[in-house]
Amino acid sequence: MLLRSRAAAQSRTRRTWLLLHMIVLTSQCLSAATAVTAEAAALTRDQIYAQGEFVKNWIAPMPSSPIQSIRSMRSNNNNNNNSDTTPATPSSGEEYIVQSWVTSSRSIEMGGNDISFVKDPFQATTTTASSDNSSSSDLVLQIEYPKGSYAPSVGPVEGGAQFYSTPFGDKTPYSKMMISYDVGFPDGFNWVLGGKLPGVYGALPNDGSPRQGCSGGNQSNGESCFTMRLMWRRNGIGEAYAYVPADGGSAFCKDSSVECNNQFGKSIGRGQIRFQAGGWTRMDMIMALNEPAGHNNGTLQVYINGLLVIDMDNVPYRRSGMVGFEGLMFSSFFGGNDPPFATPVDALVFFKNIQLSAGPPSHLYEGTGSGSERLILNVSAAVLTIMLGVMAAVFL
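Numbering (mature numbering (1 follows the signal peptide of the UniProt record, and there is no 0)), first residue to last: -32 to -1, 1 to 364.
One or more hints might be untrue.
[To be verified] What follows is a list of derived Cβ distance ranges for each label pair:
hint, residue 1, residue 2, range
1, N305, K87, 19 to 25 Å
2, Q19, D155, 22 to 28 Å
3, S75, G246, 17 to 23 Å
4, S32, E334, 45 to 51 Å
5, P308, G156, 38 to 44 Å
6, Q19, D106, 27 to 33 Å
Rather than coming from a laboratory, the hints here were simulated on the basis of the structure. Just so it is clear, CB atoms sit at the ideal spot from N, CA and C, and this is done for glycine as well.
Taking the hints into account, I'd like the entire structure generated from these sequences.
Now the structure itself:
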């Protein structure tokens, strides 16, 4: 009897261990399957591009050798006993951007002193689902943020940079736009309360850069401009950050993923993005105009390392059919418009593989597109040239 009890106990023990072993194996298999599924779902930049109806693509050029910022050049000259020696390459990061990136008005709006090009500080790391179509240079763009700096337009210490680039020209607004880049935060990066990251802007034809700003607290009325950027927040969480024509009572602002206020931009999908310090994070943002203008049906998609994290179809980019996507708004600084956003230490952020894509030209019309408003035909320069040639042949 005792032997049978012991045998039964040992059998139960074996069955229990076998069951636990099966549970562990099942858990491991499920974890592996989840990881494979997530990896399979990650898209490259080219795959995301192929999903849209884009007709133009621009890759931001990078120099073949490092270029210092004006701030670094001044510091080096101050510390150099041979200060009269002229450097072999006097060009600054600001000058390179102005000459090579088709900047609006051929200028840097703010922070030209803090732009440089350096060796990739994370060369050993790779970005998930990276693009096959990127810059071949091993140099990256470095933006400097001196201790105490925040929003360059108001802070006592200037840091970061902001400028507008129009690689497709400023005569034709587009119906759709995509911006992509890798952003790198060094190990130990102090996020403070947040900071801005590049995005795109919309404007009227021939404006060059947004009239009335549509940033820095200058709200969008939807009739001249809009902006859509990315932003990091405390502890590395992120969001899309927009200046679009919407008030607190609008359907857009009532969306649970949107935070609106009347002083600054609208926060979209806060916490859906999470940046990691110590390596590269690839960002892709795709936007399409609301059509007709004045309707809340514009779209926004944000991918992080190839995974879709924000998907909106109720964005009111404009209230006038004359406004469309225009170009790159490179904007990066700590802030926030007040001192609590200031970086307590000298800081750096890095960018590479910056690309901008445009969809078909927007059909321009006055007003919101309802009623008897006049349609304005988008006639290309090539078509005009042909028409003039035909007229000359007939009448001459």
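These are the hints, each one checked on the structure:
no.	hint	result
1	N305 to K87: 19 to 25 Å	violated (34 Å)
2	Q19 to D155: 22 to 28 Å	violated (34 Å)
3	S75 to G246: 17 to 23 Å	violated (34 Å)
4	S32 to E334: 45 to 51 Å	holds (47 Å)
5	P308 to G156: 38 to 44 Å	violated (20 Å)
6	Q19 to D106: 27 to 33 Å	holds (29 Å)
The structure fails hints 1, 2, 3, 5 (numbered hints given earlier, in ascending order).
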